[in-house]
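Once you've looked at the hints, dock chains Y and U against the given chain D.
For reference, the chains in residue letters:
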Amino acid sequence: MERSVTHVALFAALVAVLGLVPQIALPGGVPVTAQSLGIMLCGTVLGARRGALAVGLFLLLVALGLPILTGGRGGLGVFAGPSVGFLLGFPVAAFVAGLVTERAALPIGWAAAAGAFLGGIVVLYVLGAAGWALMLGKSMAEVQVFLLGFLPGDLIKVALAGLITRSVARMRPGSLLSRPA
Amino acid sequence: MLGTGAGRCACDAGTFRLKGLEEVSPPSVAPGLLLDAVGYGVAGRPILSGLSAHLTERRIGIVGRNGSGKTSLLRLMAGLVRPTTGQVRVDGIDPAGDRKAVIRRLGLLFQNPDHQIIFPTVEEEIAFGLRQQGRSDAEARSRARAVLAAEGRAHWASAPVQTLSQGQRQYLCLMAVLAMEPSTLLLDEPFAALDLPTRARLERRLAGLPQRLVVISHDPAVLAGMDRVLWLEGGRLHLDGPAAEVLDAFSGAMIRAGEADADTDIPG
Amino acid sequence: MLTLTSPVETWLHRCPAGVKLAALAAVTVGLISMEGLVGPSLALVAVGALYLSCGLLRYGLRSLLPLWPFLLVLAVWHGWTGTLAEGGTVALRLITAVAAANLVTMTTRLTDMVTVLERLAGPLRHLGLPPRTLALALALVIRFIPVLSDRISTLRFAWAARSARRAGWAILVPTTLAALDDADRVAEALRARGGAG
Numbered sequence: 001m002e003r004s005v006t007h008v009a010l011f012a013a014l015v016a017v018l019g020l021v022p023q024i025a026l027p028g029g030v031p032v033t034a035q036s037l038g039i040m041l042c043g044t045v046l047g048a049r050r051g052a053l054a055v056g057l058f059l060l061l062v063a064l065g066l067p068i069l070t071g072g073r074g075g076l077g078v079f080a081g082p083s084v085g086f087l088l089g090f091p092v093a094a095f096v097a098g099l100v101t102e103r104a105a106l107p108i109g110w111a112a113a114a115g116a117f118l119g120g121i122v123v124l125y126v127l128g129a130a131g132w133a134l135m136l137g138k139s140m141a142e143v144q145v146f147l148l149g150f151l152p153g154d155l156i157k158v159a160l161a162g163l164i165t166r167s168v169a170r171m172r173p174g175s176l177l178s179r180p181a
Numbered sequence: 182m183l184g185t186g187a188g189r190c191a192c193d194a195g196t197f198r199l200k201g202l203e204e205v206s207p208p209s210v211a212p213g214l215l216l217d218a219v220g221y222g223v224a225g226r227p228i229l230s231g232l233s234a235h236l237t238e239r240r241i242g243i244v245g246r247n248g249s250g251k252t253s254l255l256r257l258m259a260g261l262v263r264p265t266t267g268q269v270r271v272d273g274i275d276p277a278g279d280r281k282a283v284i285r286r287l288g289l290l291f292q293n294p295d296h297q298i299i300f301p302t303v304e305e306e307i308a309f310g311l312r313q314q315g316r317s318d319a320e321a322r323s324r325a326r327a328v329l330a331a332e333g334r335a336h337w338a339s340a341p342v343q344t345l346s347q348g349q350r351q352y353l354c355l356m357a358v359l360a361m362e363p364s365t366l367l368l369d370e371p372f373a374a375l376d377l378p379t380r381a382r383l384e385r386r387l388a389g390l391p392q393r394l395v396v397i398s399h400d401p402a403v404l405a406g407m408d409r410v411l412w413l414e415g416g417r418l419h420l421d422g423p424a425a426e427v428l429d430a431f432s433g434a435m436i437r438a439g440e441a442d443a444d445t446d447i448p449g
Numbered sequence: 450m451l452t453l454t455s456p457v458e459t460w461l462h463r464c465p466a467g468v469k470l471a472a473l474a475a476v477t478v479g480l481i482s483m484e485g486l487v488g489p490s491l492a493l494v495a496v497g498a499l500y501l502s503c504g505l506l507r508y509g510l511r512s513l514l515p516l517w518p519f520l521l522v523l524a525v526w527h528g529w530t531g532t533l534a535e536g537g538t539v540a541l542r543l544i545t546a547v548a549a550a551n552l553v554t555m556t557t558r559l560t561d562m563v564t565v566l567e568r569l570a571g572p573l574r575h576l577g578l579p580p581r582t583l584a585l586a587l588a589l590v591i592r593f594i595p596v597l598s599d600r601i602s603t604l605r606f607a608w609a610a611r612s613a614r615r616a617g618w619a620i621l622v623p624t625t626l627a628a629l630d631d632a633d634r635v636a637e638a639l640r641a642r643g644g645a646g
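Residue numbers (our numbering), protein chains in the order written: chain D, 1 to 181; chain Y, 182 to 449; chain U, 450 to 646.
Please keep in mind that the hints were generated in silico from the structure rather than gathered at the bench.
Treat the hints with care, since some could be wrong.
Stated by the list, open to error - From chain D, some residues computed to sit far from chain U (all C-beta separations above 12 angstroms):
| # | residue |
| --- | --- |
| 1 | Gly74 |
| 2 | Arg103 |
| 3 | Ala105 |
| 4 | Leu106 |
| 5 | Ala114 |
| 6 | Val126 |
| 7 | Leu151 |
Claimed, not checked - Covered stretches of chain D (chain U as the covering partner; in silico rule of three or more C-beta atoms under 8 angstroms from a C-beta of chain U):
| # | stretch |
| --- | --- |
| 8 | 3-13 |
| 9 | 130-138 |
What the hints assert, rightly or not - The following residues of chain Y were derived to be distant from chain D, with all beta-carbon distances above 12 angstroms:
| # | residue |
| --- | --- |
| 10 | Gly225 |
| 11 | Gln268 |
| 12 | Pro301 |
| 13 | Gly315 |
| 14 | Ser317 |
| 15 | Ala327 |
| 16 | Arg334 |
| 17 | Pro341 |
| 18 | Val342 |
| 19 | Pro378 |
| 20 | Ala388 |
| 21 | Leu390 |
| 22 | Pro401 |
| 23 | Ala402 |
| 24 | Arg417 |
| 25 | Ala425 |
Each residue gets a CB set at the ideal place from its N, CA and C atoms; glycine is no exception.
The shape of chain D in the complex, shown without the other chains (with noise of 0.2 angstroms):
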């Protein structure tokens, strides 16, 4: 019990501190908001429900008032404008990440890509948009293309969720709750 909720916790935090360290530089030399990827780790290294409920926890942390988007953000004014929909769809993401990366019959790495790919770009993009559509007053498909200017950063924290997953698998075995050794 203890340890799911310091697990719950210590990822919340490091969501929470992802949004606060500047850019992390690629090889390419774009650099990604950290944050994003911290949502999908929480779902490929700590499983569906655990994952979900550490960003949930960071939501509520947000909500609270502190600032700890991205850029600094936060409150509950973040939960009244456009990007409501991606907001309340990290926990989802998360989740989705978590459960694909649990249940896939793919090597770790790729488990966690995969599961990166479908929580943290199909079901967000689908519940960001939503919320787009719902507070912008249009309809999905008007407001879908917005939605590409997202993706090559994306495609890259997926690739980076699988990688960094499966480093954390090969030295922590035991702690990678996704799949207990």
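This is chains Y and U only, laid out in the frame that chain D set:
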């Protein structure tokens, strides 16, 4: 313990300054580590002030209590942070400005190997710095293996870092740094987390190194063999001179401090 | 820990958090049903007046800045399709809702929010989440944000000591491991002190 026993610096005990600082050649060509009226603060909080010293000896120690600014001084010397006032020069180079040049000259060993090791296997960790110096992947890897072989640890190459003991990890950090062939090594409390036999081994290894060593410690015993020791107190250079003299004074002061019931102020 | 609450005391700070949240909920629901330009404009003016009465108007305007890309898109879209009035309604509703929500955040202290949360979370006890556990989890997150932040700093320094380039994604591996290790260590400490339930 780590030094070669030789070397004194010309210090004026009365003013605790290096005598003849005015005679040093202009900063742009002076070899060694130069601190020129260096001050450093974070978020308005002063950590170091008024530090001036020209470090050219082969074995240099920096002693001080926890919180005296030793680690910040190390970071300034390595160019990981910029001074708020004053200048730091390594062989005439600004370490914070010319990173590429400085990583060839300075190697850094942090206190806790777990906070320093980035890669999962021994070989990758050693090869990283070599790649950053411009070598190709293959070159870096083969040089890493060569370094391991030279230390009698060729079988460590594909070992996960996780399987190494604390002392072995510290050794790995040392090998990773030495592989880059720096001329100066900065070490932050290198023995803090080690048991006695491991410490003895590391001491021996360090004593045999041809590079200049700058060692930070709160333990005077570690610095007993240094050529020169700087005592940092409250972010200022309190005493600067031969090891025996400075460490004697330091030990005395620490004993007196330990007898008083203090340390109630919160530093942050 | 730095929060988004305004350090300057205003009359709204003294208003109970529960009341403010309920009012915010009412305002948001009300805005959804408002059509045309008059209703939302009046609502925005009302919210603006509240800001003014607290002396937070400038701060409030600054916290609306992140909306500008969306407002730009709306302006271009509705300008292009000749439906500016419709666009205006959407924009006004959006700005008012966000401004109202931000005002609640600015005038409510973290501790007061947590108190409301604990009351609301009471019923979750029956779903297996004791309120004490939630409080513990919140405290742990706040405690460990600076710890993990320091760890990333240290890793960045360790990278910078051997590379002239900015730290790459590889430092996220030891960072994640640090989170896992700290989680194990704290769990042990908790068990030794009686558990988390």
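Do the hints match the structure? See the list:
1. Gly74: Check fails; 6 angstroms does not lie beyond 12 angstroms.
2. Arg103: Fine: 21 angstroms to the nearest Cβ keeps Arg103(D) off the interface.
3. Ala105: 24 angstroms, holds
4. Leu106: 20 angstroms, holds
5. Ala114: 19 angstroms, holds
6. Val126: Label holds. Min Cβ-Cβ 19 angstroms, cutoff 12 angstroms.
7. Leu151: 17 angstroms, holds
8. 3-13: holds (count 10)
9. 130-138: Per the Cβ count (4), the hint holds.
10. Gly225: Holds: least Cβ distance 19 angstroms, greater than 12 angstroms.
11. Gln268: 26 angstroms, holds
12. Pro301: Label violated. Min Cβ-Cβ 5 angstroms, cutoff 12 angstroms.
13. Gly315: 15 angstroms, holds
14. Ser317: 14 angstroms, holds
15. Ala327: Its Cβ never comes within 12 angstroms of chain D, the nearest being 25 angstroms, so this holds.
16. Arg334: For Arg334(Y), whose nearest Cβ neighbour in chain D is about 20 angstroms away, the distance exceeds 12 angstroms, so it holds.
17. Pro341: 6 angstroms, violated
18. Val342: 7 angstroms, violated
19. Pro378: Holds: least Cβ distance 27 angstroms, greater than 12 angstroms.
20. Ala388: 33 angstroms, holds
21. Leu390: Check passes; 30 angstroms lies beyond 12 angstroms.
22. Pro401: 37 angstroms, holds
23. Ala402: 35 angstroms, holds
24. Arg417: 32 angstroms, holds
25. Ala425: 45 angstroms, holds
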